[in-house]
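Just so you know, the sequences run in chain order A and B.
Under the UniProt record's numbering, the first residue of the first sequence carries the number 1, and numbering increases by one thereafter.
Under the UniProt record's numbering, the first residue of the second sequence carries the number 1, and numbering increases by one thereafter.
Think of the hints as simulated: they come from the structure by calculation, not from any bench.
Cβ coordinates follow ideal geometry from the N, Cα and C atoms, glycine included.
Among the hints, a few may not be true.
To be verified - Derived DSSO-like pairs: lysine-lysine, alpha-carbon spacing no greater than 30 Å straight-line:
{"hint": "1", "chain 1": "A", "residue 1": "Lys2", "chain 2": "A", "residue 2": "Lys58"}
{"hint": "2", "chain 1": "A", "residue 1": "Lys181", "chain 2": "B", "residue 2": "Lys155"}
{"hint": "3", "chain 1": "B", "residue 1": "Lys144", "chain 2": "B", "residue 2": "Lys36"}
{"hint": "4", "chain 1": "B", "residue 1": "Lys2", "chain 2": "B", "residue 2": "Lys36"}
{"hint": "5", "chain 1": "B", "residue 1": "Lys70", "chain 2": "A", "residue 2": "Lys416"}
{"hint": "6", "chain 1": "A", "residue 1": "Lys2", "chain 2": "B", "residue 2": "Lys210"}
{"hint": "7", "chain 1": "A", "residue 1": "Lys416", "chain 2": "B", "residue 2": "Lys83"}
{"hint": "8", "chain 1": "B", "residue 1": "Lys264", "chain 2": "A", "residue 2": "Lys276"}
{"hint": "9", "chain 1": "B", "residue 1": "Lys181", "chain 2": "B", "residue 2": "Lys36"}
{"hint": "10", "chain 1": "B", "residue 1": "Lys210", "chain 2": "A", "residue 2": "Lys83"}
{"hint": "11", "chain 1": "B", "residue 1": "Lys83", "chain 2": "A", "residue 2": "Lys7"}
{"hint": "12", "chain 1": "A", "residue 1": "Lys144", "chain 2": "A", "residue 2": "Lys72"}
Stated by the list, open to error - From the structure, some residues in chain B lie toward chain A, with a derived Cβ separation under 8 Å:
{"hint": "13", "residue": "Gln13"}
{"hint": "14", "residue": "Arg95"}
{"hint": "15", "residue": "Leu97"}
{"hint": "16", "residue": "Asp232"}
{"hint": "17", "residue": "Trp300"}
{"hint": "18", "residue": "Tyr356"}
{"hint": "19", "residue": "His357"}
{"hint": "20", "residue": "Asn358"}
{"hint": "21", "residue": "Gly366"}
{"hint": "22", "residue": "Pro383"}
{"hint": "23", "residue": "Thr395"}
{"hint": "24", "residue": "Gln413"}
{"hint": "25", "residue": "Asn414"}
{"hint": "26", "residue": "Lys416"}
{"hint": "27", "residue": "Pro417"}
Number of protein chains: 2
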Amino acid sequence: MKEIAQKTRTAAQQLAILSDTARNQALEAIASALEKHQKEIIDANDADCRASEGVISKALSARLLLGENKLKGAIAGVRDVAKLADPLGTLTLHRELDQGLILRRVSCPLGVLGVIFEARPDALIQITSLAIKSGNGVILKGGKEALNTCTTLVKIIHEALSQTEVNPDAVQLLTTREEIKTLLSLDEYVDLIIPRGSNEFVRYVQENTKIPVLGHADGICHLFIDESADLDKAIPVTVDAKTQYPAACNAIETLLVHSAIAPKFLPLVAEALSAKGVKLKGDATTEAIIDCESATEEDWRTEYSDLILSIKIVDDLLGAIDHINNYGSKHTDGIITENQNNADTFLNQVDAAGVYHNCSTRFADGFRYGFGAEVGISTQKMPPRGPVGLEGLVTYKYKLTGNGDIAATYSGQNPKPFTHHDL
Amino acid sequence: MKEIAQKTRTAAQQLAILSDTARNQALEAIASALEKHQKEIIDANDADCRASEGVISKALSARLLLGENKLKGAIAGVRDVAKLADPLGTLTLHRELDQGLILRRVSCPLGVLGVIFEARPDALIQITSLAIKSGNGVILKGGKEALNTCTTLVKIIHEALSQTEVNPDAVQLLTTREEIKTLLSLDEYVDLIIPRGSNEFVRYVQENTKIPVLGHADGICHLFIDESADLDKAIPVTVDAKTQYPAACNAIETLLVHSAIAPKFLPLVAEALSAKGVKLKGDATTEAIIDCESATEEDWRTEYSDLILSIKIVDDLLGAIDHINNYGSKHTDGIITENQNNADTFLNQVDAAGVYHNCSTRFADGFRYGFGAEVGISTQKMPPRGPVGLEGLVTYKYKLTGNGDIAATYSGQNPKPFTHHDL
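All chains, full assembly: derive it from the sequences and hints.
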């Protein structure tokens, strides 16, 4: 395993210095090879699907099934990634420290990514494309139900890469669950872990590795309906934020309602939500206004990922902010209000990656933000925060070029001043 | 302790939304109060110095001693920090997702910093200024020998802040070593740990907390003298990189020399280094050329922080890059060469925060880079990497403002396209 990681790192070092053109050629080679071997891939996936028939849920089966159309989409995705702007070599600082002593901050790959994902074969194709585009090696571990498909895909990817400048060792597949633990311990060789899957799994990863983790465990998002909300916005946004895709991490779990607007708003929104099949749970004040189950303290900490919504009445804006900063997961929280001051206070004081005014939390997504690709949504406070595109897979280095310059010139009794002149 | 952290967080949330003017007024209040209470501070420091007389090394005593001049310098430093550009509210992305649906990425404080530093009272003053300027709360823990001075300083800072818009609770002082362990466990309340001190201590912190750590344990920096090096640059840069301040993390520990230039270069550089009192340790090939001690495998992994330099002869550029990527600490590494291709290869392939061509590694420093302040040098790969200024104490949030926009509009059968137009 350590050997695999070392091989990946060596291949990644070679990949890191390839041109965008060479990386894009490798992506095109992968796309073509996947097209050419379509039958082999579908057959392997059929075997996986048959083996897990009746063993896994319908939702998981749907994700596991690749099929011709999904495979076509994934191949188109590889070519889309090739079309993205090169994330490497971007100059983010260019400064003369003194005449002829020039500092450049330049984006470069992280090194080796460890990506642990669900039994979703199309995810393997997407992750591999993003890794190659960003000049990183990648160690992949997919859900065990997709083992045949993943093995076949990586075999085809290796064959394709062997015809390009990218060393096939840059892409590795782990096949057993036991290897995950080892992967998490390889902080010397792996620079970033991207876990996908259940909240529990992501939390397990976060708590069992020293490697930086990109992702989030909980997505407990809130929408606050302020006293001066426009109900023509409040109702459709609430319905969208809860029901447009309830399993998504950016769907709301708790609706906070200003006490002054609750009597008018709650009956209307309850009707609209019920029409979509949403089950409501409310605090005592909510129960006095609409018919719903009783919410407990536990509800404020729960990500239902389902058509369930908890409702709490708050006395004012600060009560809403307090609740969110206490129970939220720093993912995405919104306010509906026509009062610009209240909107500003909310956006400034709520501590979350996304703070929204008069729109649905469902916009929290790398594609919707226009990042072209999304590698994950981070709820940690240090950057990268929120939806993360390709730029989450790169770092930077400082390149300083001189002409024999020494630090002594700028220290001691008669120090020469730096010019610090941006170029 | 948890209560202290909670209080700090609450105060930090208030501080986070103050204007730059209000934060600068707080800094001016601190500077004035320190001036006014100069005698009290010096007296407290005298007590600390007397108590540790003969107990700690001369170097530590020198750091512990505040004195009138150093205090004046530290107070001037507070005012300098106030003059720095506001790190908060910077717009780093401004994009129309669709008409009236506007995304902004805006810099904001991290929250609460935990800073553990040596027995250096002036460090407390500098760290507190940087925290307030960047809108963060700070929990401070200084070396135990400086306890009197630190307690007095924080008392004065609290009095000063109580006259300003900044809640004094934003600055907290821990006084016992036992509290460090608790601090490292408060990942719910503390957003960034900045440890200063010995490599062992920083490593202990890195290995015992889930909170992100800004800093570095080792500073094993290299200089490679390429075949085509100009000796008029190679010799003074080597001497500067080793001797200008040997205890600094950006001083070199290992000199790598191309075998073709070694016979000519080594005797000259050995003479220049010996004149500065540097002890040399070399591999067998080096020993055949100059008189020096034998270097062992362990030497390549050692940060001497002293006037000692290990020397290794390598066959070529790639041998040097391999050695650095194997033994280096990803801090700062340089090449001396007149061959631009070799310089480019080195700068691209060496995996370090700083990669230098024809200049001394001693330039790796936030002030020298023109950042105005330095909160630390990070050797992790994820940003912030390298010397980190005030921007290492801030993060960002995404603010999205709409007019009742819902995600359903952009999905399903007839999805409206996003405009993704940068503003």
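With chain A as the partner, please determine if Asn414 (chain B) meets the hint condition of a C-beta pair closer than 8 Å.
Violated, about 15 Å.
Taken at face value, is the distance from the CA of Lys58 (chain A) to the CA of Lys2 (chain A) at most 30 Å?
violated, 37 Å
When the nearest CB of chain A is found for His357 (chain B), is that gap smaller than 8 Å?
Cβ of His357 (chain B) sits 4 Å from chain A, so the hint holds.
Checking one constraint from the list: CA of Lys416 (chain A) to CA of Lys83 (chain B), max 30 Å. Satisfied?
Satisfied, since the Cα-Cα distance of roughly 22 Å is no more than 30 Å.
When you check the alpha-carbon spacing of Lys2 (chain B) and Lys36 (chain B), does it fall within 30 Å?
violated, 33 Å
Status of the Tyr356 (chain B) interface restraint (C-beta, 8 Å, chain A):
holds, 5 Å
Tell me if Leu97 (chain B) is really an interface residue toward chain A, meaning its C-beta lies closer than 8 Å to one of theirs.
At 7 Å from the nearest chain A Cβ, Leu97 (chain B) passes the 8 Å test, so the hint holds.
Just to be careful: measuring from the Cβ of Gln13 (chain B) to every Cβ in chain A, is the smallest value less than 8 Å?
holds, 7 Å
Is the straight-line distance between the alpha-carbon of Lys83 (chain B) and that of Lys7 (chain A) 30 Å or less?
violated, 49 Å
Checking hints one by one. Is Pro383 (chain B) an interface residue toward chain A, by the C-beta closer than 8 Å rule?
holds, 6 Å
Taking the closest Cβ pair, is Gln413 (chain B) under 8 Å from chain A?
violated, 14 Å
With a cut-off of 8 Å, does the beta carbon of Lys416 (chain B) approach a beta carbon of chain A closely enough for the hint to hold?
violated, 12 Å
Hints 1, 2, 4, 8, 9, 10, 11, 17, 21, 24, 25, 26 and 27 from the list above are not met by this structure, while the remaining hints are.
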